[in-house]
Amino acid sequence: MVELIDLSFSAGEGEEKKEILRDVSLRFDDRLTAITGPNGGGKSTLAKLIAGILVPTGGRILLDGEDITALSVTERARRGISFAFQTPVRFKGITVRDLIMLASGKKIGMAEACDYLSEVGLCARDYINREVNASLSGGELKRIEIATILARGTSFSVFDEPEAGIDLWSFQNLIRVFEKIHREKQDSVLIISHQERILNIADRIVVLAGGEVVNDGTPEKIMPTLTGKVVSSCRPFEKAGGYHG
Amino acid sequence: MDKITEGLLAEIADLHGIPTGAYNIRENSRSIGRSSTANIEIIPREAGDGITVRILPGTRNESLHIPVVISKVGVSESVINDFYIGEGADVTIIAGCGIHNCGTGLSQHDGVHTFYVGKNAHVRYVEKHYGEGDGSAGRVMNPTTVVHIEEGGSMEIETTQIKGIDSTKRTTRADLAAGASINIREKIMTHGVQQAETDFSVDMNGEGCSANVVSRSVAKEHSGQIFRSRMNGNAACHGHTECDAILMDDGHVTAIPELTANCIDASLIHEAAIGKIAGEQLIKLMTLGLSEAEAEEQIVSGFLK
Numbered sequence: 001m002v003e004l005i006d007l008s009f010s011a012g013e014g015e016e017k018k019e020i021l022r023d024v025s026l027r028f029d030d031r032l033t034a035i036t037g038p039n040g041g042g043k044s045t046l047a048k049l050i051a052g053i054l055v056p057t058g059g060r061i062l063l064d065g066e067d068i069t070a071l072s073v074t075e076r077a078r079r080g081i082s083f084a085f086q087t088p089v090r091f092k093g094i095t096v097r098d099l100i101m102l103a104s105g106k107k108i109g110m111a112e113a114c115d116y117l118s119e120v121g122l123c124a125r126d127y128i129n130r131e132v133n134a135s136l137s138g139g140e141l142k143r144i145e146i147a148t149i150l151a152r153g154t155s156f157s158v159f160d161e162p163e164a165g166i167d168l169w170s171f172q173n174l175i176r177v178f179e180k181i182h183r184e185k186q187d188s189v190l191i192i193s194h195q196e197r198i199l200n201i202a203d204r205i206v207v208l209a210g211g212e213v214v215n216d217g218t219p220e221k222i223m224p225t226l227t228g229k230v231v232s233s234c235r236p237f238e239k240a241g242g243y244h245g
Numbered sequence: 001m002d003k004i005t006e007g008l009l010a011e012i013a014d015l016h017g018i019p020t021g022a023y024n025i026r027e028n029s030r031s032i033g034r035s036s037t038a039n040i041e042i043i044p045r046e047a048g049d050g051i052t053v054r055i056l057p058g059t060r061n062e063s064l065h066i067p068v069v070i071s072k073v074g075v076s077e078s079v080i081n082d083f084y085i086g087e088g089a090d091v092t093i094i095a096g097c098g099i100h101n102c103g104t105g106l107s108q109h110d111g112v113h114t115f116y117v118g119k120n121a122h123v124r125y126v127e128k129h130y131g132e133g134d135g136s137a138g139r140v141m142n143p144t145t146v147v148h149i150e151e152g153g154s155m156e157i158e159t160t161q162i163k164g165i166d167s168t169k170r171t172t173r174a175d176l177a178a179g180a181s182i183n184i185r186e187k188i189m190t191h192g193v194q195q196a197e198t199d200f201s202v203d204m205n206g207e208g209c210s211a212n213v214v215s216r217s218v219a220k221e222h223s224g225q226i227f228r229s230r231m232n233g234n235a236a237c238h239g240h241t242e243c244d245a246i247l248m249d250d251g252h253v254t255a256i257p258e259l260t261a262n263c264i265d266a267s268l269i270h271e272a273a274i275g276k277i278a279g280e281q282l283i284k285l286m287t288l289g290l291s292e293a294e295a296e297e298q299i300v301s302g303f304l305k
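Chains as they are written, first to last, in this note's numbering: chain A, 1 to 245; chain B, 1 to 305.
It is worth saying that the hints were derived from the structure and are not from the lab.
Everything numeric in this text was worked out from a predicted model, so none of it was measured.
A few of these clues could be false.
For lysine-lysine, the following DSSO-like pairs were computed, each having C-alpha atoms within a straight-line distance of at most 30 Å [claimed, not checked]:
| no. | chain 1 | residue 1 | chain 2 | residue 2 |
| --- | --- | --- | --- | --- |
| 1 | B | K72 | A | K106 |
| 2 | B | K72 | B | K220 |
| 3 | A | K106 | B | K187 |
| 4 | B | K72 | A | K92 |
| 5 | B | K220 | A | K106 |
| 6 | B | K187 | A | K92 |
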């Protein structure tokens, strides 16, 4: 379980200083929590703070009761936090198989590596030996990114806008992957998303706006408020990219 | 063959004992083992400074090993090897040079390999350079590769220098007839104050010929590298040259492309990317549980794989 206590984050200095998150306190002990809200609301910053990529300017982060605020990205990863990037990173020379092996933290056979790719809807034979480079499309990279998280098998996984930059066809597959994760895995998952279909499979939705939690509850409670107030003017959920209000 | 020579042969040619097929093993300026086959004849030059290799037309699925080892301090040599690859042959040639130097005298190997690739022949040429020992005077290698490819012939060159060479100038010259192709992949890593210079020059003379030169390099500590790549499109042809380099510490790399199209149908491309390891690459691997040092090592080894 991850707990945020009065978490704050500011960027810049002096007159340029901007408060991105202000005294956010949340406890993530549900199986699947979605964080949504308008762009610039602090969602991705929150995800990066949990992973240790950013350092908070105030507050604490606990993992299963242990204060991990001062721990590095590596130390948090080794304690069981996974992070899927909004824009997957490309590497020259590192293959899909290499990345899945590194993610699993142990030597795994070709069959097991292929299983992770199959789980995200990729034909393993076509991808396992390909480099994780610009020859792969955004949707392919996204699914490989998710496969690395599955290979890690950690107790707490954060996905930062998994739907960003992928086409409608890839998005349909992505939804199926998250539905499967939710159905079969017992670990806690946190997804930053604008997408109604992702929000609908969550156990809980947190709405973050202006650096603060403005709503928190079940999809039944939260969804009507989103579709009524935030979303309706831009017809967001008809496209794979969702709204970016 | 002593332990040092055995170790060097394993490093440069993955050899653990006498190879099968044709071979010529050179140690400290003399041949310590040579064997021809029915299709691959190795003839020593009279001056003792190299060999002439004749590969019969149509020879297929055969290999030739020609490693060079310098294990004595103070040995400096110049070697000339000529290779005549007959029409339609398809062979693999494993070369490479290893230097062990624990003394104060310079160890230097200069080699000129000239390939005459016949019509529709294919050659895969693998060359690895490696140095070891704590000698203060240096380990120097200056390999020159000259390639002439006739109509429809092709050559793949894989050249690697990962460790232990203090100074190198690597020169490659090629000329291609119609339908010929050359594909060169270079991998270099330099440390300390090592200097490496590569100089490729390809004349694409025949219609439909092609050249692809890809260099990946890592310059660590205070080391420096220069990459020159010259392509002359003298006919309807396709040329691509690419230099990717990772800078670490105070390393420095210069990439100098030169493309000349002398024919309206020549298509020539140069790409170059030089810079430090991207921060996001390090962070991605750290989110998988690797330390920063482990992530850096993984990125470099993958890049040079």
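Task: 30 Å limit on alpha-carbon distance, applied to hinted pair K72/B and K106/A - done: 42 Å, violated
Open item on the list: Does K92/A sit within 30 Å of K187/B, going by the straight-line distance between their CA atoms?
Closed with: Holds. K187/B to K92/A sits at ~13 Å (cutoff 30 Å).
Open item on the list: Given the hinted pair K72/B and K220/B, is their Cα-Cα distance within 30 Å?
Closed with: 28 Å, holds
TODO: Would you mind confirming whether the straight-line C-alpha gap from K106/A to K187/B stays at or under 30 Å?
DONE: 28 Å, holds
Task: Hint consistency between K72/B and K92/A [alpha-carbon to alpha-carbon, up to 30 Å] - done: 39 Å, violated
Open item on the list: K220/B and K106/A were given as a pair; does the straight-line alpha-carbon distance stay at or below 30 Å?
Closed with: Answer holds: K220/B to K106/A is near 29 Å, not above 30 Å.
Hints 1, 4 from the list above are not met by this structure, while the remaining hints are.
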